[in-house]
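Asker: As a plain string of letters, each chain reads:
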Amino acid sequence: MIASAFEYHKPDTVDGVVSLLSKWGDDARVIAGGHSLIPVMKQRMTDISHLIDLGGIAELKGISIDGDKINIGAMTTQHELIASEALAKAAPLIREASLQIADPQVRYLGTIGGNVANGDPANDMPGLMQTLDATYYLTGPEGSREVKARDFYEAAYFTAREDEEILTAISFAKPSGGFAYEKQKRKIGDYATAAAGVMITIEGGKCTAASVALTNLSDTPVYCAAAVDALVGSSLDDAAIKTAVKAAVDASDPVADTRGPVDFKKHVAGVIVKKAITSAVARA
Amino acid sequence: MGKTHLKMTVNGKEVELLTEPRQLLIHVLREDLNLTGAHIGCESSHCGACTVDMNGMSIKSCTVFAAQAQDSEITTIEGLGSPDGLHVLQEMFKEHHGLQCGYCTPGMITRAYRLLQENSNPTEEEVRFGISGNLCRCTGYQNIVKAILAAAAKMNEVKESA
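If you're matching them up, the sequences are chains A and B in order. Counting in this note's numbering, the first sequence runs from 428 upward without gaps. Counting in this note's numbering, the second sequence runs from 16 upward without gaps.
The hints are simulated quantities; they were obtained by calculation from the structure and are not laboratory data. Some clues are possibly wrong.
[Stated by the list, open to error] The calculated lysine-lysine pairs, modelled on DSS-like cross-linking and capped at a C-alpha distance of 25 Å, are:
hint	chain 1	residue 1	chain 2	residue 2
1	B	K161	A	K614
2	A	K469	B	K169
3	A	K469	B	K22
4	A	K516	A	K437
5	A	K701	A	K633
6	B	K18	A	K437
7	B	K169	A	K437
8	B	K109	B	K169
9	A	K633	A	K702
10	A	K450	B	K18
11	A	K614	A	K488
For reference, chain A alone in the conformation it holds in the complex (with noise of 0.2 Å):
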């Protein structure tokens, strides 16, 4: 399985890769890890003319924790991500996360930005930054803007990202509190049947914040707000429980694959999320 013929460019700036952008227009994908795009790029499901690569791009690499804020570079492969001692004690939800994602090969050359900005709703990677509340910074022509995760995913592959633009960086803030991200899949290497991440916050016995998210459920990641509601201000019992993941496999709407039926997901979705409660509860 060969690609079509491409023209290759390795800009070595932000600046050159939003020129190449703006010259070839759709004509031209950009290339961070490659292990969503090669494949499809290799059974031609997709024709690019011009393939720009993202690897000799120094300003896009990098994990910095900066007091409360978490910066990553979009170029930041998940073994690095799980590497990363400093990052496994801010936020260890990441590496909880990123050890759950492909397997070893893959890994290495995956990169954080493409898990994010490619718009596949079976990446775990963005349901995992509405959790996080993350920020994604974009430049394009125009300049540099923010996007919150939980605004950027508009269907599977459309994202609030404008052709000419690139992602750079994530950011989010230290989360505290406890934390989980569960995932059902038939195989080490698979896309998730059902994953959920979740965060909680506890004080005085009551749950004073909280995060859920889903992975693979939609044709985007799903922040369950409704889940969350039932979640604070309660004191975490059994009812509160049930009513958040309930309100979690309401908010879901998957379809029929080879992972499964829609009710088997919908079952698979329950079990998970009510899983990632009750680990995040114990570390909270």
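Assemble the complex: chain A is given as a structure, and chain B must be docked to it using the hints.
Answerer: Same frame as chain A, but now just chain B:
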């Protein structure tokens, strides 16, 4: 959309060749450089038979374009050992019967090599998780895991006595 001048260091030797940017690294290795150790299995980044070491990372060479390998440092199974001087991982795969048909073996050993570089004393669980990107349809993995653990122990012995 002409050819591109590709330069890499493969198994310690500098190589230069002309290829198309879209050519896959596995084809460059097998067809241009005659290094047929790394195999083409699924050709869709699932099976790990094409695993080689690139810049200190285990990668699936069916999912890397030649152009992305520019200036890279590659180690294939041919660079780890030879019939006259087997790598300790190869010896242990032989001793513990860690292969049957052998198709997955070059990828499996190349992956195990990087795993042990990063974690010289892995638990059984860490070995299993570490080779989870490599599929074997013969062995049931049991003897592969044994072989890798035995190789780790041997490598640590050598280190201690050094």
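Asker: Determine for every hint whether it applies to the structure shown.
Answerer: Outcome of the hint check:
{"no.": "1", "hint": "B:K161 to A:K614", "verdict": "22 Å, holds"}
{"no.": "2", "hint": "A:K469 to B:K169", "verdict": "41 Å, violated"}
{"no.": "3", "hint": "A:K469 to B:K22", "verdict": "23 Å, holds"}
{"no.": "4", "hint": "A:K516 to A:K437", "verdict": "34 Å, violated"}
{"no.": "5", "hint": "A:K701 to A:K633", "verdict": "18 Å, holds"}
{"no.": "6", "hint": "B:K18 to A:K437", "verdict": "15 Å, holds"}
{"no.": "7", "hint": "B:K169 to A:K437", "verdict": "43 Å, violated"}
{"no.": "8", "hint": "B:K109 to B:K169", "verdict": "14 Å, holds"}
{"no.": "9", "hint": "A:K633 to A:K702", "verdict": "19 Å, holds"}
{"no.": "10", "hint": "A:K450 to B:K18", "verdict": "22 Å, holds"}
{"no.": "11", "hint": "A:K614 to A:K488", "verdict": "30 Å, violated"}
In summary, the numbered hints that this structure violates are 2, 4, 7 and 11.
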